[in-house]
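**Student:** Each chain is listed here by its residues.
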Amino acid sequence: MKNSEIFFGKDIISLDQFNRKSVEKVFATAAKIKKTPTKKLLKILPGKIVGLMFFEPSTRTFSSNSAAVKRLGGQTVEYQNPLSTSSVVKGETIEDTTKMMEQYCDAIVMRHPIVGTLKKVAEVADVPVINAGDGIGEHPTQALLDMFTVFEKFKHIDNIKGLIVGDLLNGRTVHSIIKCLSIFPNNTLYLLSPKQLRLSNKDLEEAKKRKIKLIEIKSFEEIPADCHFWYWTRVQKERFTDKQEYEKLKLNFILTKKLVDKKAGKNTLIMHPLPRVGEVETEVDNDPRAVYLTTEAKNGMYVRMALFSLILEDRK
Amino acid sequence: MKNSEIFFGKDIISLDQFNRKSVEKVFATAAKIKKTPTKKLLKILPGKIVGLMFFEPSTRTFSSNSAAVKRLGGQTVEYQNPLSTSSVVKGETIEDTTKMMEQYCDAIVMRHPIVGTLKKVAEVADVPVINAGDGIGEHPTQALLDMFTVFEKFKHIDNIKGLIVGDLLNGRTVHSIIKCLSIFPNNTLYLLSPKQLRLSNKDLEEAKKRKIKLIEIKSFEEIPADCHFWYWTRVQKERFTDKQEYEKLKLNFILTKKLVDKKAGKNTLIMHPLPRVGEVETEVDNDPRAVYLTTEAKNGMYVRMALFSLILEDRK
Amino acid sequence: MKNSEIFFGKDIISLDQFNRKSVEKVFATAAKIKKTPTKKLLKILPGKIVGLMFFEPSTRTFSSNSAAVKRLGGQTVEYQNPLSTSSVVKGETIEDTTKMMEQYCDAIVMRHPIVGTLKKVAEVADVPVINAGDGIGEHPTQALLDMFTVFEKFKHIDNIKGLIVGDLLNGRTVHSIIKCLSIFPNNTLYLLSPKQLRLSNKDLEEAKKRKIKLIEIKSFEEIPADCHFWYWTRVQKERFTDKQEYEKLKLNFILTKKLVDKKAGKNTLIMHPLPRVGEVETEVDNDPRAVYLTTEAKNGMYVRMALFSLILEDRK
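Residue numbers (my numbering), protein chains in the order written: chain A, 127 to 442; chain B, 127 to 442; chain C, 127 to 442.
Simulated from the structure, these hints should not be mistaken for lab results. Among the clues, some could well be false.
Partial selection, computed: residues in chain C whose CB lies under 7 Å from chain B [unchecked claim]: (1) 157; (2) 160; (3) 161; (4) 162; (5) 164; (6) 165; (7) 168; (8) 192; (9) 350; (10) 401.
Computed list of lysine to aspartate or glutamate pairs in DMTMM-like fashion (alpha-carbon distance at most 20 Å, straight line) [claimed, not checked]: (11) C:424 x B:142; (12) B:383 x A:221; (13) C:383 x C:440; (14) B:169 x A:405; (15) B:136 x B:150; (16) A:246 x B:407; (17) A:166 x C:278; (18) B:166 x A:221; (19) C:383 x C:364; (20) C:161 x B:409; (21) B:424 x A:407; (22) B:166 x A:348; (23) C:158 x C:252; (24) C:383 x B:440; (25) A:424 x C:221; (26) C:166 x B:440; (27) B:424 x B:440; (28) A:321 x A:364; (29) C:160 x B:221; (30) B:165 x A:440; (31) C:363 x C:411; (32) C:165 x B:440; (33) C:246 x A:411; (34) A:383 x A:364; (35) A:160 x C:348; (36) C:321 x C:284; (37) A:246 x B:409; (38) C:147 x C:284; (39) C:246 x A:407; (40) C:424 x B:221.
Using N, Cα and C, we set each Cβ at its ideal position, and we do this for glycine too.
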């Protein structure tokens with residue numbers, strides 16, 4: 127069996143589908159595509175059409191998918207926010223809308239506000255479906271691009287020590303990253319969040335079964351030396367009933383140049399899924415270890431190119 | 127005269143433009159394109175740009191046109207709902223907006239809420255214009271794709287016996303289908319609708335001149351055996367002043383598995399232009415005769431590819 | 127130094143960047159592209175992606191840019207009005223949004239409602255940025271396409287006598303045209319506007335330094351014979367506190383067939399950036415000298431193609 131057969135024609139709905147071999151295949155493909163000349167890439171998906179169905183606002187995920195398809199020589203059929211402007215208005219079910227799209231397209235990328243929609247959609251669709259985020263569910267391609275960024279830097283994705291800061295309760299990317307790192311041995315994640323936004327007990331229990339080591343810490347003081355990566359996320363104001371509590375806590379979790387100088391290692395990657403709204407000071411942007419505005423974002427495109435290529439490329 | 131000259135550089139505004147020869151040309155071209163390898167299709171419209179101007183919500187017609195152009199190697203310039211987001215806001219006339227678009231594009235596909243707009247637009251435009259639906263006027267490409275689906279199955283489009291159910295008064299597709307079938311000899315359509323939504327006397331009179339046989343029936347009991355196709359449409363709630371009357375009638379016109387088992391022939395195509403909002407039970411979807419979610423929708427793309435190819439392809 | 131090196135990898139933010147040599151290069155490139163066969167053009171930008179970020183409604187500039195990229199074989203990633211539908215909603219800064227886009231794209235075209243935004247964006251971006259209009263600031267590509275239209279007709283862009291009518295105070299295109307004509311010797315512009323919408327004293331002073339001759343006139347009577355071009359713009363109702371005054375003045379500045387017959391020269395180009403809302407009568411449209419709906423609009427695409435080609439084309 128060729129490696130590409132792991133993916134050809136398959137859906138990407140959750141990180142639960144992945145094992146060591148398939149994650150490594152995605153990373154190897156992304157790395158290869160990143161080095162391939164522009165014009166050669168155009169020969170990978172000529173004549174393929176990917177439907178981008180975004181039922182929720184998104185610029186980052188939408189545009190990196192759009193660019194990824196086009197850089198491979200494919201084309202897109204695009205919807206943004208059709209909940210208010212399309213057949214959905216006329217009362218069509220998501221299943222019917224999906225069946226319609228798949229008549230025209232070779233694959234579908236969908237973002238939807240309701241958890242579980244993508245699983246349902248993948249069941250009815252005959253073409254491959256890629257989950258671009260469903261509510262507070264999963265966002266598997268974001269986790270893959272983040273962990274690819276770590277892998278690309280350190281050349282391994284086991285024996286990693288990482289720090290995740292912010293909203294661990296609701297952050298779908300955080301959940302997907304924990305799953306991804308659980309696939310590989312000897313990984314440790316330090317978790318720092320307001321107590322209202324700690325990882326749920328259920329998620330903690332599940333992680334134990336997976337054998338990833340999760341260590342909750344309470345302050346910047348406890349951040350260990352030499353993390354491979356720091357992963358900052360937004361502390362979501364709307365989750366707090368006590369706004370003063372929010373304002374107080376928020377200040378405790380702002381990433382500053384001072385903190386980087388004090389606690390980050392020489393090679394620590396400083397990451398964030400973006401958009402940010404104040405929790406990472408712009409003074410950090412030019413630190414060579416900060417990759418959120420550059421490599422991490424760009425890898426979003428390359429990892430998606432890897433997935434499209436693995437799922438859709440004809441191999442004679 | 128080569129057949130392609132019937133279409134090259136021409137508008138598609140109404141089925142009134144079509145005769146036996148031109149409909150057969152569209153069908154033959156669609157059938158041929160359907161069998162052509164993906165990469166070969168890309169050589170048909172390289173460098174051609176089609177403007178998709180949709181002044182009314184649409185996902186189905188919009189995306190099948192977008193995919194059709196791109197599968198032929200062409201490109202699109204796309205607007206959705208620009209009535210609220212564009213130059214139209216600044217008070218520009220539809221004629222000026224069209225003249226602008228044609229400077230950038232090789233053809234224009236337009237949907238507009240007002241009947242007759244497409245005729246007006248085609249008059250001012252120097253590039254070919256395709257009507258993608260103007261209010262309750264016509265929707266010629268929908269009728270062509272529906273009748274192509276019948277032709278593809280039975281290999282003829284004369285001596286056809288069809289059933290149309292639902293809103294015959296306002297359904298623009300229904301009007302276009304009647305015109306299309308009138309072009310060929312010995313066709314019979316059985317019409318079933320609430321009495322408020324019967325075909326208008328004017329339309330019935332006109333059909334008589336065209337020599338298509340229209341037979342109005344009053345209930346499912348009267349559906350004849352061995353129809354070539356059943357064509358279901360939405361009964362539009364908004365047309366009824368008496369909502370109880372609507373609810374009662376609606377129930378009489380729901381397509382169920384039971385009805386299919388009882389009244390459909392072995393080869394009867396079960397069709398619907400979609401979206402549906404309850405008038406076709408999902409239990410019918412997996413019946414092999416049901417083509418609304420599959421072949422019929424897919425043929426929408428192929429018939430549009432046929433038209434773009436006939437209208438735009440350079441032939442040296 | 128090859129001429130193309132003037133532009134390769136550069137931003138286009140203001141006409142202040144241009145000199146005689148660079149304007150002539152744009153015009154020569156646009157003229158050459160206009161004569162190049164469609165399929166050959168596709169070889170200029172294959173594999174290049176241009177991000178179109180329009181934070182303000184636009185159909186004309188948006189679609190001419192979209193078509194320009196695609197006619198050169200490139201692809202676009204497109205946003206329209208993301209101020210209400212995207213990461214911007216989540217509170218992201220324009221700098222972060224730009225940094226994100228440039229990870230996926232080879233260049234960015236942006237329209238933004240706030241003056242000066244494009245300059246700021248170009249400073250943070252590592253890919254070339256093209257200003258597609260920032261508030262009442264500049265709209266350099268519009269001025270270039272307009273002056274290319276004059277150049278194409280008369281084969282020179284010095285010794286030109288032009289007339290500009292309408293809102294000279296707020297019209298960003300007018301300001302850019304004055305700058306463009308100032309680059310070449312012996313140009314004269316006659317300016318006609320309601321006194322509330324006269325060119326500001328600051329702009330008049332600046333023009334003096336630039337050595338373009340500006341002559342304010344007060345009525346149609348004073349329009350000189352044999353202008354090379356007439357450039358009409360919209361008198362903006364919203365600038366007037368006295369609406370009666372507006373209505374009165376507006377009537378004084380409507381371009382009619384009668385005025386063309388009386389005052390235009392045999393070769394005078396009749397121009398308008400569009401959209402128009404009544405200030406140019408449709409009776410003028412078919413006059414062979416009227417180019418606003420045809421050549422002028424089409425040149426918008428060709429000048430943008432020229433700029434994309436100069437900025438982005440790989441030259442081995």
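**Student:** The structure should be examined with respect to each hint, and the outcome stated for every one.
**Tutor:** Hint check:
Taking 7 Å as the C-beta cut-off, the interface hint given for residue 157 of chain C is violated, the closest approach to chain B being about 17 Å. The restraint placing residue 160 of chain C at the interface with chain B is violated, with a minimum CB-CB distance near 12 Å, outside the 7 Å limit. A distance limit of 7 Å between C-beta atoms decides the matter here; for residue 161 of chain C the minimum to chain B is near 15 Å, and the interface restraint is violated. With a cut of 7 Å, the hint placing residue 162 of chain C at the interface with chain B is violated, because the nearest CB-to-CB distance is about 11 Å.
A cut of 7 Å between beta carbons decides the hint on residue 164 of chain C: the least distance to chain B is about 4 Å, and the hint holds. Hint status for residue 165 of chain C relative to chain B: holds, with the closest Cβ pair at about 5 Å, below 7 Å. Using the Cβ-Cβ criterion of 7 Å, the hint placing residue 168 of chain C at the interface with chain B is satisfied: the shortest such distance is roughly 5 Å. The restraint placing residue 192 of chain C at the interface with chain B holds, with a minimum CB-CB distance near 5 Å, inside the 7 Å limit.
Interface hint status for residue 350 of chain C: violated, as the beta-carbon distance to the closest one in chain B is roughly 29 Å, over 7 Å. The interface hint given for residue 401 of chain C holds, since its Cβ lies 4 Å from the closest Cβ of chain B, which is under the 7 Å cut-off. Restraint check: the Cα-Cα separation between residue 424 of chain C and residue 142 of chain B comes to about 33 Å, which exceeds 20 Å; the hinted pair is violated. A distance of roughly 19 Å separates the Cα atoms of residue 383 of chain B and residue 221 of chain A; the hinted pair therefore holds under the 20 Å criterion.
Proximity of residue 383 of chain C to residue 440 of chain C is assessed by CA-CA distance (about 48 Å); at most 20 Å being required, the pair is judged violated. Distance check on the hinted pair: residue 169 of chain B and residue 405 of chain A sit about 50 Å apart at the alpha-carbon level, beyond 20 Å; violated. Under the criterion of a C-alpha separation no larger than 20 Å, the hint pairing residue 136 of chain B with residue 150 of chain B is consistent with the structure, at around 17 Å. For the given pair, residue 246 of chain A sits about 19 Å from residue 407 of chain B by alpha-carbon distance, which is consistent with the 20 Å threshold.
Restraint check for residue 166 of chain A and residue 278 of chain C: the C-alpha separation of about 38 Å exceeds 20 Å, so the hint is violated. For the hint pairing residue 166 of chain B with residue 221 of chain A, the CA-to-CA distance comes to about 32 Å; that exceeds 20 Å, so the pair is violated. The suggested pairing of residue 383 of chain C with residue 364 of chain C is violated, with an alpha-carbon distance near 27 Å, which exceeds 20 Å. For the given pair, residue 161 of chain C sits about 58 Å from residue 409 of chain B by alpha-carbon distance, which is inconsistent with the 20 Å threshold.
For the hint pairing residue 424 of chain B with residue 407 of chain A, the CA-to-CA distance comes to about 51 Å; that exceeds 20 Å, so the pair is violated. For the suggested pair residue 166 of chain B and residue 348 of chain A, the alpha carbons sit about 62 Å apart, so the restraint of at most 20 Å is broken. About 29 Å separates the Cα atoms of residue 158 of chain C and residue 252 of chain C, which puts this hinted pair outside 20 Å; it is violated. Distance check on the hinted pair: residue 383 of chain C and residue 440 of chain B sit about 39 Å apart at the alpha-carbon level, beyond 20 Å; violated.
As the CA atoms of residue 424 of chain A and residue 221 of chain C are separated by approximately 16 Å, the hinted pair is consistent with the 20 Å bound. At roughly 15 Å between alpha-carbon atoms, residue 166 of chain C and residue 440 of chain B fall within 20 Å of each other, so this suggested pair holds. Straight-line distance between C-alpha atoms of residue 424 of chain B and residue 440 of chain B comes to about 25 Å, which puts the hinted pair past the 20 Å bound. A threshold of 20 Å between alpha carbons decides the hint, and for residue 321 of chain A with residue 364 of chain A the separation of about 15 Å falls inside it, so the pair holds.
Taken as a hint, the residue 160 of chain C and residue 221 of chain B pair is broken in the structure, with Cα atoms around 25 Å apart against an allowance of 20 Å. For a cut-off of 20 Å, the pair hint linking residue 165 of chain B to residue 440 of chain A stands: about 11 Å separates their Cα positions. Note on residue 363 of chain C and residue 411 of chain C: the hinted pairing is violated, with a Cα-Cα distance of about 23 Å set against a maximum of 20 Å. A threshold of 20 Å between alpha carbons decides the hint, and for residue 165 of chain C with residue 440 of chain B the separation of about 11 Å falls inside it, so the pair holds.
A hinted pair counts as satisfied when its Cα atoms are at most 20 Å apart, and residue 246 of chain C with residue 411 of chain A qualifies at roughly 16 Å. Taking the CA atoms of residue 383 of chain A and residue 364 of chain A, the gap is about 27 Å. The hint is violated against a cut of 20 Å. For the hint pairing residue 160 of chain A with residue 348 of chain C, the CA-to-CA distance comes to about 64 Å; that exceeds 20 Å, so the pair is violated. Using a Cα cut-off of 20 Å, the hinted pair residue 321 of chain C and residue 284 of chain C is violated, with the two alpha carbons roughly 28 Å apart.
A C-alpha spacing of about 17 Å is found between residue 246 of chain A and residue 409 of chain B, which places the hinted pair at or below 20 Å, so the restraint holds. With a C-alpha separation of about 13 Å, the suggested pairing of residue 147 of chain C with residue 284 of chain C holds against the 20 Å cut-off. The straight-line distance between the Cα atoms of residue 246 of chain C and residue 407 of chain A is roughly 19 Å, inside the 20 Å bound, and the hint therefore holds. Our distance criterion of 20 Å between C-alpha atoms is met by residue 424 of chain C and residue 221 of chain B, whose separation comes to about 16 Å.
Hint check: violations occur at hints 1, 2, 3, 4, 9, 11, 13, 14, 17, 18, 19, 20, 21, 22, 23, 24, 27, 29, 31, 34, 35, 36; the rest are consistent with the structure.
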